[in-house]
Amino acid sequence: MASRAVWKGQLRLSLVAIPVELHPATRSGARVSFRQIHGPSGKPVRYQKTVAGLGPVKAEDILKGYEVEGGDYLLLDPEEIDAIKLDTKKTLELVQFVDQSEIPPLYYNKPYYVVPTDDLAEDAYRVVRDALRAERKTALGQLTMRGREYLCAIRPCGDGLLLETLRYEDEIREAEPLFASIEDGASDADLLEVATQLIRRKSSPFDAEAFRDHYDKALRDLIAAKRKNRKTPRARAGDEDDARPSGGNVVDLMSALKDSLKKDGGKPKAAAKKPARKPRAKPKSA
Numbered sequence: 001m002a003s004r005a006v007w008k009g010q011l012r013l014s015l016v017a018i019p020v021e022l023h024p025a026t027r028s029g030a031r032v033s034f035r036q037i038h039g040p041s042g043k044p045v046r047y048q049k050t051v052a053g054l055g056p057v058k059a060e061d062i063l064k065g066y067e068v069e070g071g072d073y074l075l076l077d078p079e080e081i082d083a084i085k086l087d088t089k090k091t092l093e094l095v096q097f098v099d100q101s102e103i104p105p106l107y108y109n110k111p112y113y114v115v116p117t118d119d120l121a122e123d124a125y126r127v128v129r130d131a132l133r134a135e136r137k138t139a140l141g142q143l144t145m146r147g148r149e150y151l152c153a154i155r156p157c158g159d160g161l162l163l164e165t166l167r168y169e170d171e172i173r174e175a176e177p178l179f180a181s182i183e184d185g186a187s188d189a190d191l192l193e194v195a196t197q198l199i200r201r202k203s204s205p206f207d208a209e210a211f212r213d214h215y216d217k218a219l220r221d222l223i224a225a226k227r228k229n230r231k232t233p234r235a236r237a238g239d240e241d242d243a244r245p246s247g248g249n250v251v252d253l254m255s256a257l258k259d260s261l262k263k264d265g266g267k268p269k270a271a272a273k274k275p276a277r278k279p280r281a282k283p284k285s286a
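FYI, full-length UniProt numbering numbers position 18 of the sequence shown as 18, with every residue one higher than the one before it.
Hint data in this document are derived by calculation from the structure and do not stem from the laboratory. Please read these numbers as outputs of a predicted model, since none were measured by experiment. Each residue gets a CB set at the ideal place from its N, CA and C atoms; glycine is no exception. Please note that a few of the clues may not be correct.
[Unchecked claim] With beta-carbon atoms standing in for the labels, derived distance ranges: (1) Leu75 to Ala2: 17 to 25 Å; (2) His23 to Lys231: 43 to 51 Å; (3) Val32 to Arg230: 20 to 28 Å.
[What the hints assert, rightly or not] With a straight-line Cα cutoff of 25 Å, these simulated DSS-like cross-link-like pairs (lysine-lysine) come out: (4) Lys90 to Lys110; (5) Lys228 to Lys43; (6) Lys137 to Lys8; (7) Lys110 to Lys8.
Just need the whole structure built from these sequences, with the hints factored in.
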């Protein structure tokens, strides 16, 4: 599947503007995932946005609520929030350059690949990449994406550029309250020597391929064994009574037709239909 850009805009260095796209550098579906199933009926569990005393509500009727004093909420229309104008919605300006080692690891959040949008942008893109590599620097800037302005760090990555979103200073918890009870005395010299030797013996260049997710493998082995066992309970996701039909907007069309009948003064007659087969939730016999 082709990668889809999550942000499009300009990477700007002073007066140089480079059209770029951001693509996720990680895969969200690389590990085993599950869907919750209602055991007695065998149907997938679905979630609806509801209001106490009213039940399900329409998405267009939902506003943004900011809690103020007294438990009250200040209501904002989503369109008002979208209307906020920020240069960082379309422009990522490189405003500062630092050594990569200056940024503590706990500030790093999520990685993205920065890709030039066309051949004309590649020349300027390569110049920025090579300049950062030559100076061994990381560029800092900000961009707005998915309703939030992110602090970003950009550095060379292979033939391209890697952007990593950073947490803001006020998002970082102070470590001192958690480490306060640890004594600040010197370690035992003999124990320190042994630990140092162990570290040196096990030191080697980082190789991500040397590590595997053992829990994910165990889950896949369990699923494979379950698939071979005919006694494993099964459920059909397509047995939902309220599942969306696969052949177009049938529900919307039916609603429109019924509304048309009401408008013309007639009442829609209930169509005779065969009783639907109930889903079987019992385990299959061996």
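Restraint status (C-alpha distance of Lys228 to Lys43 at most 25 Å) | Holds, at roughly 22 Å.
Range agreement (Cβ of Ala2 with Cβ of Leu75, hint 17 to 25 Å) | 40 Å, violated
Supplied distance hint 20 to 28 Å, evaluated on CB atoms of Val32 and Arg230 | 22 Å, holds
Below or equal to 25 Å on CA atoms is what counts here, so check Lys137 against Lys8.
-> 24 Å, holds
Pairwise hint evaluation, Lys8 against Lys110, where the allowed Cα distance is 25 Å at most | 17 Å, holds
When you check the alpha-carbon spacing of Lys90 and Lys110, does it fall within 25 Å?
-> 19 Å, holds
Take the C-beta atom of His23 and the C-beta atom of Lys231, compute their distance, and say whether it sits inside 43 to 51 Å.
-> 44 Å, holds
Of the hints listed earlier, the one the structure fails to meet is number 1.
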